[in-house]
Amino acid sequence: MTPRSRLHVPSPPARPGQEPDFSYLSLSAAGAVHRPEFTAPAGDIEDLSKELVRVLGDDHLAVGPWNPHLEPAELQVGLRHMLLTRLFDDRMQKIQRQGRISFYIKSTGEEAVAVAAGMALQPGDMLVPSYRQQGLHVVRGRDLVELMCQCLSNTRDMCKGRQMPIMYHWGSGNIFSISGNLATQYPQAVGWAMAAAIKGEDHIAASWIGEGSSAEADFHHAMTFAAVYQAPVILNLVNNQWAISTFQGFAGGERRTFAQRGPGYGIPGIRVDGNDFLAVHAVTQWAAQRARQGGGATLIEHVTYRVAAHSTSDDPSRYRPKEEWKAWPLGDPVARLKAHLVALGEWSEERHAKLEKELEAHVTACWKKAESFGTLAGGPSLDPLTMFDDVLKEIPEHLVKQREELRALQTAGAIGAAPAHARQD
Amino acid sequence: MTPRSRLHVPSPPARPGQEPDFSYLSLSAAGAVHRPEFTAPAGDIEDLSKELVRVLGDDHLAVGPWNPHLEPAELQVGLRHMLLTRLFDDRMQKIQRQGRISFYIKSTGEEAVAVAAGMALQPGDMLVPSYRQQGLHVVRGRDLVELMCQCLSNTRDMCKGRQMPIMYHWGSGNIFSISGNLATQYPQAVGWAMAAAIKGEDHIAASWIGEGSSAEADFHHAMTFAAVYQAPVILNLVNNQWAISTFQGFAGGERRTFAQRGPGYGIPGIRVDGNDFLAVHAVTQWAAQRARQGGGATLIEHVTYRVAAHSTSDDPSRYRPKEEWKAWPLGDPVARLKAHLVALGEWSEERHAKLEKELEAHVTACWKKAESFGTLAGGPSLDPLTMFDDVLKEIPEHLVKQREELRALQTAGAIGAAPAHARQD
Amino acid sequence: MARMNMVQALNSAMDVMLARDPRVVILGEDVGYFGGVFRATEGLQRKHGEHRVLDTPISEGGIIAAAIGMGVNGLKPVAEIQFADYIYPGFDQVVSELARLRYRTAGEFTSPVTIRTPCGGGIRGGQTHSQSPEAIFTHVCGIKVVMPSNPYDAKGLLISAIEGEDPVVFFEPKRIYNGPFDGDPHKPAVPWSAHPLGEVPEGHFTVPLGRAAVVRPGTAATIITYGTMVHVAEAAVRQAGIDAEIIDVRTMAPLDVDTLCASVCKTGRCVVVHEATLFGGYGAELVATVQEHCFWNLEAPIQRVAGWDTPYPHAFEWEYFPGPARVAAALKKVMEAS
Amino acid sequence: MARMNMVQALNSAMDVMLARDPRVVILGEDVGYFGGVFRATEGLQRKHGEHRVLDTPISEGGIIAAAIGMGVNGLKPVAEIQFADYIYPGFDQVVSELARLRYRTAGEFTSPVTIRTPCGGGIRGGQTHSQSPEAIFTHVCGIKVVMPSNPYDAKGLLISAIEGEDPVVFFEPKRIYNGPFDGDPHKPAVPWSAHPLGEVPEGHFTVPLGRAAVVRPGTAATIITYGTMVHVAEAAVRQAGIDAEIIDVRTMAPLDVDTLCASVCKTGRCVVVHEATLFGGYGAELVATVQEHCFWNLEAPIQRVAGWDTPYPHAFEWEYFPGPARVAAALKKVMEAS
Ligand SMILES: Cc1ncc(C[n+]2csc(CCOP(=O)(O)OP(=O)(O)O)c2C)c(N)n1
Ligand SMILES: Cc1ncc(C[n+]2csc(CCOP(=O)(O)OP(=O)(O)O)c2C)c(N)n1
Ligand SMILES: [Mg+2]
Ligand SMILES: [Mg+2]
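For the protein sequence lines, the chains are S, U, C and Y, in the order given. According to the numbering used here, the first sequence is numbered sequentially starting from 1. According to the numbering used here, the second sequence is numbered sequentially starting from 426. According to the numbering used here, the third sequence is numbered sequentially starting from 851. According to the numbering used here, the fourth sequence is numbered sequentially starting from 1189.
Chain S with its partners taken away, still in its complex shape (with noise of 0.2 Å):
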């Protein structure tokens, strides 16, 4: 035998100029996944992992046990925070692409993930994103204007200017800060979530992270100390299929699914159709309940697709096919949602137009609020001398010299006001 090279490297299916080929998914049809009870043994529901659960037929309605049988107007809800969702990204790229903010990420094709998810959640339940779950926010009820802010870095911006946009917070609203480093989130999710338990508290933590980031070491720890401890967490693993430039395969996606990683824990893996409202919502209500009966973690992989570039700095035309989203066999969740409704008689075009309408106007009106309070080219602007607060509770002597000579020279004319925008290399 002669010796050869065997180093794999993996290579997805199709790049720029070639035909999108998804035919490496393997998918269910809906309905035919069983749901077992929240109390069955890891080790007994392996298949979900293996399996997709989907809630959607083509027909547009809804089948088999995991239907969540929610009642028409939770659905209208639900395709209005998914809707709104999809509008605000919309326009805060347009926003981006006009140089009023210095960076966007859109969520476009994967609203459902953090939209069904999110209603499918309590108020009092901690949720622990990425950055691609502003549909969170949404559902919480949050004041578009705030997450605008934040983006301006103004006047009104919750982080007082210290973060890039997107990475919001909102203490209030137990949803969790999101950090620029990936992944980090996941096993504080899982600590919030062993302390709930500690405390006797009927809270549970949820949190999300792209598959790319699975590769990080921290996907790990929360997964160890969510097994150890059967923390009551719900571990969302966002398999949109491609990082930045790479596909999922090289986060270890090519022989088997990223649920499957769940049960390699003692911990169930389900594996749910990202772009069904209906079943996300199924699933995590199952985990949630699981959870909150103390039946520990579960891990749930969404299929899904990233429609939009990684973000408002990135060229997937460079990597994948131009429009290989067309070609992604879940649909997109937005349509999908409405088809139901319109199926189930409770929607129509002519609803759809007016919400559309209605929520466009809204994102309108909440930016023209959001940039009362500041943009970049000018107005109310945040006050730099507070860059000094909150890097301990109570400021140190050395920044209080260090606020008082950067006071001083600007006092002195000698550092001036920001640029407009600084350059991006």
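If you are wondering where the hints come from, they were derived from the structure by calculation, not from laboratory data. Given the structure is predicted, the values throughout are model-derived calculations rather than measurements. Just so you know, even glycine gets a beta-carbon here, dropped at the ideal spot from N, CA and C. Don't take each hint at face value.
The calculated label-pair distances, taken between Cβ atoms and stated as ranges, are [what the hints assert, rightly or not]:
{"hint": "1", "chain 1": "Y", "residue 1": "ASP1431", "chain 2": "S", "residue 2": "ALA377", "range": "39 to 47 Å"}
{"hint": "2", "chain 1": "C", "residue 1": "GLU1149", "chain 2": "S", "residue 2": "ALA408", "range": "30 to 38 Å"}
{"hint": "3", "chain 1": "U", "residue 1": "ASP515", "chain 2": "Y", "residue 2": "HIS1239", "range": "46 to 54 Å"}
Use these hints to put chains U, C and Y with the ligands onto chain S, whose structure you have.
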């Protein structure tokens, strides 16, 4: 529903003063587990991660598809290696108790995990152990004097006095350096294997980690990289039931096996009776052939028991029943291989006693020789000024100066000889 | 008052806080049933329950991350990292998360985690049981960094750390867990029970963070140091016969600049001492700060005495350890210069 | 000679080394097919093959660990960490493994990994795309730490790093990838193509590690700095109208003490400048070293100009960034003092 704490805290089946209880272990009968082709897809052989590959039956005969059909001569060599490892350990522990070395770690009861695996590999394969696989050095024919000199930090210490006892390495023998930091070697072994594959060489790497250490990030890194690149590596996880004071439940072993982590990553996981020389040999051979033929990595969980204290700094009677090891259902690897050879008519009590004597004499002779190269109490000793070597390839200026500073202090008598033995707090 | 060694003092601090504040939880490798490899948590799980004192998986990153999450959910976690040498796998969670959370959320989310970890050499632990990585943490904005040099301070500082609302990395110089060590390995060990600072109140008391202590008043020169080296400095002063003032930094960040600089401006001569390696070490910050504030009073260049710039070499511990001979030599050097 | 910006120069260094030495491999997140988020590896996979230029999982710890293993097996890995802010998850592998392997095996095992990582602010990247963590690495014995300030040095130093047998952490000040930046964000960006140091040989050449460069001779004072701040220092000198000598450290560890101290002993005044936060920063080491060697020549306390001791605040980049105004003020301060 009244909220109540649900934090699960793993608890071992028995604490000091209680009856040992190994009923949590799931065992398969010898010969009961199927042996798939090398080429079987990981997803098709997930059962191997839950079963327990065993070859030696209660009648001490080899049975089933995993029987490696080794020649009696080879088995005798294996027995010799395991016995030598054990006697070496016993002697070094005694020597430590006498204060003649400062620290030691035994592998008692786990000798097969290193010896049988080591014998199933080829000399060009890189072995990347943790601190409890001294048997690998024995298998590869290392002069015990060299290991002893390392423990003595004497003039023949391969580490030049820079590492605590047992932190061996062997460049020409292809046994990697042991790190004091747990688990770091695991992804390094994967990197080594990736390089072999990149170069098109026919060597594989094999690494060892404790079940407790599998909670470290580096376990995840190793598994992820091994899975993504199908690296030719064997990842051995030695589940000896205990970390220091915490049982394997604290690493996540309560609700599934460690081997099951493999399938979670798309890597075959095999759970093997780590005290069964033949079984360990067979699964190693299988995994090695798979890796060499381009099939990628295998995770092997060796189910064994840490008979000795964690190290000479540890007192296990504080946290587990004193004689727990006596109740260990998988017996002793040396005794079992011996009984097998006897059953084959290829060994006898007399030959065993004679071998034991011979090996003890050998260990004694080695110790004598090792001592001649310096002991803690006296004899030749390393030049402390060598401590400035090997920080970088070439000694940089600031270290030259520091070396001169130390030399001057020595000359002035300001820094004297070290005491025979520093106080250990 | 009771007699305590440093381990007992730390144990007592945690015991007091577990009893006083239901939010306090202890977590770490082997800290629960077993009571810690250095016995710092001995008896605490038995007394306060296994939901207050938790054994953890061997995962420093996971321990610190979980502690952060617990802190966000209203607990006051005290995490033990078994050896400071093993804190690096948790480094990202410390730097990117623990230290940043208050800042990045403008105070809306905080997590007051205390990380305890034994550091330093002199116990024949070789390169992975002897490190002193404090400098690295002092460069991270958003955490406090502490190292006590005696049982009294250890307890008082640890209680302050746990009660405070900031994250603290609390280094414990394990060489002096059982007794002060003056750098001479030939001498019999003196236990804390025979030392005035081994007298420690049994109940609650605090030693404030952010304040250095003048542990030996003097006029001829100033030695700035912390941890084990405080005792080495005392021995060096005796050995050199120079009336140096010795300052125990105690809190490395934020630094009590005033106490340090008042002394150096008075004495005009300064030696900075630590066990950690010299290059890029915390001593550099001390020198840089002192020379800036005391330049016009300095009679000689400030000297640093520190570990040689090599990994901690197991067999050459006493040639490596910056003992009294080296400190005394530096003292003489700053006295002679002019 | 060709015109290159710093990214192209780095790309060229890797290209040259991939072609010259079959042992060289590149690995990192998005470095393969895509060519890196800063395009530093653009075209390299296409040219040299996907076994030489590897995309990796998003796992900085895994990347560095795998690179170490590859290095042990005879390769010369060049690992990219996408932002220096993300190096912390790999910190344990750097400190405990990469930096220690040669030492702990007395040279029997070595792994000459080069870790490239973009650092520094000024690109509106906020706190997790702007950090300058070099100080932390300079305190780790067993690695070299490098930061270039122009395309020529970038290529020459990177080739030296890859060819050398020691591990190197190679920081790339991303603010000056495309052109020198003098700290004034209001000015139009000047590309490297219009700068003499944008002239870079296309083939193989080296700039030695461990040697600082006098980038502007002067007599009145010495500014010691590196990376982006070299250009800020130049602007500050112009602004202040003071004939300061500017030294570009280039290799932070091991440090070229002689070049630094010769200058300060000559000028008698010194300002140390870096982007990283002040407290416990690398500037402290520079100050401590310089004051020790040049004490008798110093006319004024050495000043440090550095990032304020806060996390990098996204919106206040230009109040935070230690620009020419602050450097000039410090220069004036050292000139006035006496
Ligand atoms: C520790 C760390 N490493 C690298 C990055 C750079 N980075 C930001 S997003 C990203 C891709 C993440 O992909 P995935 O987890 O799949 O999430 P998605 O963007 O698809 O939602 C990378 C590599 C980072 N932010 N943090
Ligand atoms: C990073 C790190 N954390 C903690 C330790 C301390 N430590 C040394 S051995 C050990 C237990 C390891 O248990 P396991 O992995 O099961 O291996 P075994 O000793 O049973 O062979 C611990 C916690 C260490 N050496 N390194
Ligand atoms: Mg993704
Ligand atoms: Mg173990």
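A quick look at each hint next to the structure:
no., hint, result
1, ASP1431/Y / ALA377/S: 39 to 47 Å, "holds, 40 Å"
2, GLU1149/C / ALA408/S: 30 to 38 Å, "holds, 32 Å"
3, ASP515/U / HIS1239/Y: 46 to 54 Å, "holds, 47 Å"
In this structure, every one of the numbered hints holds.
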